[in-house]
Structure formats: structure tokens, C-alpha cells
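Peer 1: Same order as they appear, the protein sequences are chains S and P. Using this note's numbering, the final residue of the first sequence is 214, and nothing's skipped along the way. Using this note's numbering, the final residue of the second sequence is 533, and nothing's skipped along the way.
Keep in mind the hints are simulated off the structure, nothing from the lab. Note that the structure is predicted; figures quoted are calculated from it, not measured. Some hints here could point you the wrong way.
Stated by the list, open to error - Only part of the chain P face toward chain S is listed, based on derived beta-carbon distances under 8 Å:
(1) V254
(2) S258
(3) D419
(4) M421
(5) L425
(6) L429
(7) S431
(8) I440
(9) P443
(10) L527
C-beta atoms are modelled at their ideal positions from N, C-alpha and C, and glycine is treated no differently.
Spelled out, the chains give:
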Amino acid sequence: MPADTDYHLGLDLEIPFTGGGLKVELNTASTRIAVVGPSGSGKSTILRILAGVERRAHGTVLVKDHYWQDSSNGIWVPSWDRRVGWVPQETLLFPHLTVRENLSYGGALPDWVSETAALLQIKNLLDRRPRRLSGGERQRVALGRALLSKPRLLLLDEPFSALDRPLRGDLSQLVSDWALDRSVPIVLVSHDEEDAKWLAEERWHVGGGSLTKE
Amino acid sequence: MFHKAKTSARWAEPKRFSLWELRRKTILIAVWSMVLLAPTQLKATVSTEILRKVEQASDSVLLVLAAASLADVLPRIGDEWERLGGTPLVFSFDATSRLAVQASQSGSGDVFFSADPQWIRWLEEQGAIAADRAVHLAANDLVIAVSRDVSVPVQPDMLSVFERIALAGENVPAGRYARMALEQTGVWSELEGRIVRGGSVRGALEWVARGEVPAGIVYRTDAEAEPSVRIAFVFEAPEYPQAQYWGVPLGSTVYEESATDFLNFVLGDSGQSFLREAGFSRPQSDMPDGEEERYATGDTGDELVASVSSAIRLSLIIAFLATLAGLVPAVGLGWLLARRDFPGKTILSTVVTAPLVIPPVVTGFLLLSVLGASTPLGGLIASLGFPVPFTILGASIAALVVGLPLYVISVRGAFEAVDPMYEELSWTLGSSPRRTFFRISLPLALPGIAAGAVLAFARSLGEFGATVVLAGNVEGSTRTIALAVYTLLESPTGRETVWVLVGASVVISLIALLGFEALSRRQKRRLEDRHAR
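Next up, chain P with everything else stripped away, as it sits in the complex (with noise of 0.2 Å):
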């Protein structure tokens, strides 16, 4: 149970201070402010309006934007960096591809710890920080990481015995640098079907850590970190590209001065013995010229097409599935609540209702609890042919769960809306309570059944926490809408399709909400017998 709590708390990718969470709040607010507002306006989004508060509320702290395989380090050198007296930091972790989107769109932050000098050029050039001010901090090597009940070592060539292999999101470091490792071996291609995605390198570690997937390509220092895995093989430099971390004062920061200490301390005797210590090396190369290097791996203008359309069919499928697959939960569920006491009823009703509330995040880990590939369930499931996680199964699923408090609040009331003396009337006209169910019961209630399977549909094209978490964001099976806007936004060369996903995606869920407005009006219409009285 202990272990579970804590790598639940490892999931969640940004730890301590998360600017990415802050926005992921307002994402409505967001979403609505890019619709009404010229695009120039994003700038003043709410979560910036957040940031600056906590900035001028307490005088002189660092907010340092770190890749997140710094997460366990850089606070150990912070804390040091206090203690002597150093002015106090905030850190907020996530991908480097994520923190540079938001760095540079926020306008805040003091201090960027990128694990990849491409972001950094990329500031450069968005004019976020200032020309040459980075500096080269430490490097990390790439490594195979097995679950630990794999005995045999692993190379690289070997790795096409896996059935899936783990790598972060194709525009985070990690991810990236994984791919150029496997395209340098001459496997990328044979692989590349089996590849599955998690947010962060620490996402992908999650799922070899418990079993989900086999083997998965992340840092050395995470994978030493993580008592569960085991390291299979070591991608050498020079041989294979590492991992380059790089920190720089960002533009934003009226604290220049405190940054620049701050980074000179990191690159000091202190900061490099506690990176050392964490398993990071040495900083070997310069920055690379731009030249050889890409931008996260661009895809071509039919790709983009291409894998629009397949969000967008994928969402729809997905929410169909769930709907469909939730009438008949929904319907009995809703019924039982209405019209039925009995004990246990109050649990009931709270467990079907809780992932209304439960952070969707959390709803997907305790699914991918019971159903991943390693617990009974699970792999009960996988063994009759239909395995849950990093399919479209699985993305189902989550769509369901989440969807359902919505299904079965709207059908229960549907019911509760019935005066229960048409059922009355109906048994003492000689119909038992099963027929009376279905030709009176079911048929007034319909409209309103039908509207909460119009909001789970609604509900389930949104989701995302629970589905990045049990079915992964692998392109073309679980790669929904709102997982492909989550992707794009840390893509440099995506900004311009994320506006056709968000166009999309709003234009399908308000469609969803006007036919729930209009089913619940011909609910009460369908109640109303007394018209003329």
C-alpha cells in the first residue's frame, strides 16, 4: 500500500509547485478565452494572472521551470542553495518541451532548466531569454529499463522482443533523445508500431515500473532511482546522444541577478557533487549548431492532416463505445437510486458518483490498478484476447467511468420525475413491476435517458486525465482530441493544427450540450399530461 501511495504521488508528473496543473484548471476558461479573444490575447490567460500574484505576494522567490528529470535533485541543491542563504525558490517540474511553451506564452518564471538545448535555442528565438546566456550543467545518459523480473541483458537490437516498448511523448526530451538512440542502432523502424508514449520519461518509468509494459528507453538517473526496474543496457556516449541539461535566466525575471547566482551555485563544487551523486555526468558537449539538429522530429503537412482526422474519429469512437456500453449501467443504476430503498444505498450511489469528483488522474490509476496487464483482473482480460491498457479498450473504459456519475445522475433523475403512481396504476391494472418498467417506467423516462447518454457522450470526448493514465496516448488507438492537443501544445511546428483540434472540439461538445438541452425540455414535455387544464 505504501509503495502504491508513493508512486501514485510519483504520477503525477509536476511535482511541488506546478504551473502546469495551475493551467490545466483553467482550461475551460482557456479554451474559451482562445475562442473569444484574438489569439494575441493569450498572453493575459488566467494562470499568468495566478503566477504574478504569487510572485508580487512574496518578494524575492525564484520560480525555476525544470525538466523533470531534475525533480528529485534540484530540490536537494535548492535546499543547500537556502541554507546559505540564497533567495528562496519555487519549483515547478514537468517536461522541458511543456515548460518551454508556457515559459515562453506566461511571460513568467525566473530560471529554465531545460534537459535539451534545442528548447533553449528555441527561447532564443521567441525571444524569451537573452542570446548566450545559457549554461551547460550536466548530462544523462539514455538506458533500457526492464522490469525487474527480466533476468537476460537487454541490446538495443534485442529490444523488437518486447511487445511494447515505453518512451516519453515525441517532443519531450527524453523521447526524442530515445528515438535518435534507436535510429542510430537501425531498430527505429522495426519498432516504431510498438512504441507507447507516456507524458514525461517519468510517466513511461511508471509503466515498466509496474509491469504494464516491459521494457522502456528513459534516463539513467530515474532508473536508478526506481527500486522496480532493472538497468538492461547503457546508451554510452559518445556513441549515443545523452541527455544535455541546460539552465538560463528567463527574460521574465526581475530578479536577474539571484538567477544568475542561482545557476553559477548549480554549476558550482556543491551543485555538481549532488548531481553527481544522483547518477548525472559531467557536461561534455558545447551547444549544438542548429543545423543537424531538428525540431522535435516535424511531421509533414499530410502526417498533421492525418493524425487530426484520427483524433478526431478516435474521440468519437471512443465516446460512442462508452456511451453505448454505459445504457444499460446507467439505466438500472438510475433506477435502483430512484425508486428503490435498501441498504448500502447511500455507498452505492457515492461510489458511482466519485469519479465526478475524484481527480480524473487518480480515477485512471486505480483503474489501471485493477485492470493493467499485471493484476488478476487484468490479466484475466488480456488472456481472453482484449488487453486494457494503451488500447482503445482501455480508453474506453476510462471514457465510461468518468462518464457515468454524469449518465446515471441524468437517468435517475429522469426517473424521479415519474410520479410513481403511474407505476401504481399500471401494477393494479393487472402489469407486474417488469412489464410495467418497460411500457411505462422506461418509456416516460426516455428523453431524459437519453439526454444524460448525450452529456456521458459529452463528458467522454473531454476525457483526459483517466485516459493518458490507463491507455497511454499512443497515436491511432488511444490518441484522442484532447490527448493530441496535450501533445501539440509542447510541439513547436503544432501550434498552428492545435487550433483546427480546439475548433473541432468545441464545436462537437456544443453540439452535445444543445441536443441535452433539448432532450431534457421534451423530458418535462413528456411529463406534462394537463396541458389543457
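Just chain S, with the same shape it has in the complex (with noise of 0.2 Å):
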């Protein structure tokens, strides 16, 4: 199966921790998905899976043709390796380091901070701590963190959702032209209409048990 030159993901998942369980079967070679749903539906956990940090579920999760996870072979590439951009909804700020340092975690050099930063609009909450920000600084802050990541995937969680009309198109528009021009997959879940209309080409609906393309 994998070997095909064009973008694919793959998911063949039980997943039976999620309230009532959810089995995911999504095969596509569309780099702009949405999942949308009910909260408690399982979204979010499946955001968790492509990222490495949730182990229970069972099946395979392949991406272009790199298999990050199959357990009947025992095959899981931990975290660290999968080079993902993650978003959570939480947008978690690492509270003891400043903006700046959150936003090179992921290794970037001190010229594209402060280019990605511009963009974002947060240069100057760069010597800030995370504490002093508001809810739609953290979420660009995260944003930021993940793309500077060198990401070969965009997880992203009710990313703008902290964020007012104006800025919130913009800034998908943004998120979007970025992920385009270096071929980064996003995977979005989304509450908003209009995010996702920015950010997705295909939509898919947890719900009932198991994901169904729109």
C-alpha cells in the first residue's frame, strides 16, 4: 500500500477508551481535513493519536507512506520522530519560559522567530511570560510554536477560537498560504464554519460510533 509519490492518509483504528468507542476508518489523499462533531465525540483523542501521545488505541495510522503506528507489527514511532504541529485546545504555553523561548523550542533559529512572530502579530510579547498574556495572544503564541517546528503535520485544535472576527480570517488565510507553499497536511477540528471553510477540503463527521466523510 504505501509507495504512492501523492499525499495519503490512511487510519484504521479502534479506538474503545472514547466514550462508547470509536472505530476510524478514513482513507485520503486530501492534505486540508476537518473533523467536526459533538465535544466528547472523540475529536480531539483522534488529533491525539496522529500526534504519538495516545498509545491505546489499536489499528494503523499511516501517513504519506511512513506507517507511525501499526500494532499488529508491532511498528509505533514514538512522538519525538513524528515531527507533528500540534495545536491542543488547551493551547499549553511552557510557563516558565518567555514567548521567545517558547517559540524556539522546536529548535528554530532567532531570525524566523522573530519573522514568524511578525507575521503572527505577537513581536512584541516576545520577552513575555506566557502568564501575561490574553487568550488570543497563548493562541497565536502555540500557533507560532508549532509551525516554527519544521511540522510535516498541522494538528490543529479549535485554533482561532480565542480569537476575534478580523484577525481570526487572517489569520487562517495565514495559516493556511504557509501550509500550502511547504505542502504541510493539516488536520483541523473545528467548531466554526468559517475557519473551516478557510483551512479544509474535506470534511469529516465523528458521530454514532465511527467518522463518516461529508
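With the hints as a guide, bring both chains together as one complex.
Peer 2: Structural data, given as C-alpha cells:
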């Protein structure tokens, strides 16, 4: 199955631990996927599995032509080798580090950090501690940190929920362009139709214990 | 195993109903009462009230405070007395010196058995007993007891071949008599540096029986009752001093008649035959005049100051060493218990936390059983040049083991307070778990780890039970503040000095606890990442 040059995302997973259990079968060549569905249905769990921080699911995860997980063959690529840009819903910033240190945590050089900070309009916050940031500022720092880690896949969990409308549109456009330029696929979890419109080609719906294409 | 269990029971010096043990449990309350109330209020400590209740609840029971060396024989005499219809007895055995101080301060107890007439005189001076009421009951020889495997005869002037010699505490009669005997032989100054002191004569004997100390000077009766030691020399009377046992009804008794009857019973044929059988000799000398006897080998003022500063310095050094040595184990164990699930986790957690609830004396005994010089592990460590018993190393190990539970619990709490998602995020940003530990988990938990260290430091400062068993009470190397207070409490001349140490102890502990509070608050702040929301 591997080895085609086109992008391919293949999930075949049993997720028994999320409320009522979830069976995920997804095969797509799309690089822009939005996962939608009611809260508690397991959307965030799918992102956690892709990020490699949730090991309890059974099955296979295929990204491009790499198996990140293949439970029956004992394959497991750990998080730190996957290089995913994960922005969890909680947008946790490392509280003991400044904004600049948070942004460069994944190894980005200073110039690139400043450049990205400027794009995200957080350049004036670089020397602050996370606890002095507003919710919207925090989300932009978390997004910047993910983009600056040279990800092979972006996992965005409600990434703009604390942002106001005009900025929100600008940012989703920015992320979209950024990802297209570098051909980095995106898996987005969002309630917001606008976000999904800017960022996604395909919408997958979680509900009734399974994942279906809308 | 059986033998160990038996010796363990012997180790806990006070047998049966122990007044001292009660006091130990209320020591915190007592210290606070001392601090908060005027010293004149001392007589109303909690233990006194408890004892009063015991007395009131059980009508006519005689509370007998008796020298530890009578712990085997006196209950047998008491059984006979009760069988013949005498008033029921309750015993509290401890070193005479401690009992005397307790009797005078608590105003409790009915009959007092002393191994030393000087403490009878002291009680008379304190007004705790009526003058000239004491009766002379028996005498006891001092002997040199050696481990079973020492087969050569030992004269007192040959004692210098032994690396260490166990004696009872300096104010305990057996310890005082032993010093007198050695001074008389002219070898005291030569041996002084090798003396290790058990709390009572039983404690000193236990070290010889376990092979931790090759020789000890103890009572004949105790040595004869202990199968693991051999009597190598008897300090015969009248050439050498004997322990002189005196009994007296205490001024606090409301059963004066029964108390006097019981003393007469011990003095009578039946009581005396029990005493003979146990190895005590007939009373010989009369009550000595006060002048040529001295109290408690009184230290000079300079020596007292030196011993106070030595105790404070030792306490700080030992607590610091224990805290430093515990850092890596506490961080490792705390992290393991906070972040990993593995088989046996509950067992590990229980074992690490156990010293928090196991009586420290028991912990000390277990440590001695593992690390004592006569054990394989202890022998190995000693052969590397680091003997554990009676050394600063032993005191630090005791402090470490007893302090570790608080250390680990604090560190574990600090790691648990860190949201695991920080670590997960760090992984996805390309940091391995090892790197994540040092860049994220450790820095975020740092104030909590420091708080744990301070708490362990404070606990180490207060350590008593495990230290006295594993490391003894050796001036200058293991006599910390707690042990110095314990020693001074039984000395009629040490009462002033105690207050200096009590003050130092309370101040240092409170500073440590304030530090703990501040660091705990800082830990909370450190994890606050949403100030503005």
C-alpha cells in the first residue's frame, strides 16, 4: 500500500476508551481535512493519536508512505520522531519560558522566530511570560510554536477560538498559505464554519461511533 | 528470627507501661507548652493528666517507677505480692535518672526504685520524697561483658585493645558507676574517646550482644540474662563500686501504706530470694554521705557551651548531608511514582513511605540489622573505611531514611501538579523524554522539589529514635540537638542548657517550615500560566 508519491492519510483504528467507543476508517489523498462533530465524540483523541501522545488505540496510522503506528506489527513511531505541529485546544504554553523561548523550543533559529512572530502579530510579546498574555495572544504563540518546529503535519484543535473575527480570517488565511507553500497537510478540529472554509477541503464527521465523510 | 524479635522487644527500653514513652508521644505538645507557658506550668503536662486518669480510673493500683535493670526481677516479685493479696502493681521501667526527673516533675507515681542513692538524695532535695524514708534493697556488680566469640579473659587495664566500649549514658547510674570503676583502675582518660553510650544499660548490652561493640560495662544481672554475651571480668566489691538499689514511697502517693508494705515485701525473705536468684547481691553499704559523691559528673560551663554548639552544628551537618544524599533518590522515586505505571508500584510506594508510620526506633533497629558492622552489607561498608554504627554516617543514614517519605511525597506531588500535556507537547516539538524531563518537568517541579528538600531537612533535624539505635549517642559525632536534649533531661545540672537547645531546635524548625510554605506557594505560582484570563 505505501510508496505512491502523492500524499495519503490512512487511519484504521479501534478507539475503545472514548465514550462508547469509536471506529475510525479514513483514507484520503486530501491535505486539508476538517474533523467536526459534537463535543466528547473523540475529535481531540484522533489528533492525540496522530501526535503520538495517545497509545491506547489499536490499528494503523499511515502518513504519506510512513507507518507511524501498526499495532499488529509492533510499529510505533514516538512523538519526538514524528515532527507534528500540534496545537491542542488548551493551548498550553510552557509557563517557565518566555514567549521567545516557547517559540524556539522546537529548534528554530532567532531570525525565523522574529519573522514568524511578526506574521502572527506577536513580536511585541517576545519577552513576556505566558501568564501575562490574553487568550488570543496565547493561541497565536501556540500556533507559532507549532509552525516553527518544521512540522510534517499540522494538528490544529480549535486554534482560533479565542480570536476576534477579522484577525481570525487573516490568521486562517495565513496558516493556509504557509501550509500550501511548504506542502504541509493539516488536520483541523473546529466548530467554526469559517475556519473550516479557509482551511479544509474535506469534512469528516465524528458521530455514532464512527467517522464518515460528509 | 525469634531471637531478633525477642531482642527487639528488649531494645525498647521501657517495658510494660512506660511513662517515658507517653512523654515522648506528647513531646511536641510539651515543647509548645514549654514555649507558650511559663516554666512553672510544666507540672501540668498532658502526660501527667493521662497518668492521673489511669490512677483514678483503676482504684488502688500502685504505679511503680523502677530502674531498668530491675525489669526482669521486679515483676516476678510483684506477681508473688499480688498472689498473696497485695495491691495490684503497674510498672514503668527506665533509666533511674530519667525516672527521677519524671517523678519530680510530674508529681505522679507511688513507689520509686533507684539504682543509685544519689538520685534518692536528689528527690529529697526536690521535696518529691520525705527524708529518710528510703530503704536499701540490693546491690549489683558491674562486669565487663564481651561478645561470645571473645574467649580471652579481660582485665580492666586491657580494655584499650577494644576499638569501642559500650556504657550506659553518663547520668544513668550504670554509666556513672562504670566511669567510677574505670577511673579507679586508672584507665578512664585513655578509654574516654572510645566510649559509646546507650540510653540505658540494656541499650549498651544490646550492642555487645549484637556484636556491634566488642565490649561493654554493664550490670552482672543483665549480662547473665543475655545468652549472646560472656562475662569477662567482675568488678568485685568492696574494691570497686556496686550499684546500690534503694526503694522509697513517692511523696505524690495516696497509697502510702501499700507502698511501704510493698517495699517491705521486697526487703523480706520472699523478695530477697527472687533478687538473689536473679544475681543481685545483699545490700552492703549504707547511704553514702553527700559530700564525696558527685552528681552526674558535672560538666564545667565551657564544656556545656561546647557541647551545645557541637549538638547544633552536628544537627545541621547531619540534616544537610541527609537532604543532599536524598535529592537524587527523592526526585527519581517521586517522578517514577507520579508519571509511570508499573507492576509493583503500590509496593514501592508503600516501602518508601513506610518509615513515616513505622516507629523510628523500629526503623533504626531494621537499619542496624542491615547495616550493622556484624552484618554482611555493614561489614562490607565498614571494610571500605565507612563504618555505619556510632558515626556521623550512621546518623545521616538514619535521618535520610526517616526523612525520605516526606521528601518523596513532596516531590511526587510537585510532578503530579505538572500537566502531563506539557511533556507531551515537548515530545511533539522533537524533545526526547529525557530532554523533556530536564527542560520541562524538572524546572516546572523545582520549587516543589525544593519544598520537599526543606521538609526532609526539618524532619532530619528532629530525628531521634532511629539515630539513637543506629548511631548511638556519641558526643561530637552523633549527639544531635534531639539527643542532647534527651541526655540533658536526665541530668540535674543540665536543666538550664536544655532551654538553649530547645530554643535552637524550635527556631531552626520554624524557619525550615516557613521556607517550606514559601516554596510551596512559589510552586503553585510557577504553574499558573493564565494570569490574565
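Peer 1: Against each hint, give a clear statement of whether it holds in the structure.
Peer 2: Evaluation of the provided hints:
At its closest, the beta carbon of P/V254 sits 68 Å from a beta carbon of chain S; the interface hint therefore is violated under the 8 Å criterion. For P/S258, the interface hint is violated, since its Cβ never comes within 8 Å of a Cβ in chain S; the closest pair sits about 72 Å apart. Checking P/D419 against chain S by beta carbon gives a least distance of about 6 Å; that is within 8 Å, so the hint holds. The interface hint given for P/M421 holds, since its Cβ lies 5 Å from the closest Cβ of chain S, which is under the 8 Å cut-off.
Hint status for P/L425 relative to chain S: holds, with the closest Cβ pair at about 6 Å, below 8 Å. Here the hint on P/L429 is kept, as its CB sits about 4 Å from the closest CB of chain S, short of 8 Å. Of the supplied interface hints, the one on P/S431 holds, with its beta-carbon coming within about 6 Å of a beta-carbon of chain S, less than 8 Å. A least Cβ separation of about 6 Å between P/I440 and chain S falls short of the 8 Å threshold, and the interface hint therefore holds.
Below 8 Å, beta-carbon pairs count as interface contacts, and P/P443 has one with chain S at about 5 Å; its hint therefore holds. For P/L527, the interface hint holds, the least distance from its beta-carbon to any beta-carbon of chain S being 6 Å, beneath 8 Å.
In summary, the structure is inconsistent with hints 1, 2 from the numbered list given earlier, while agreeing with the others.
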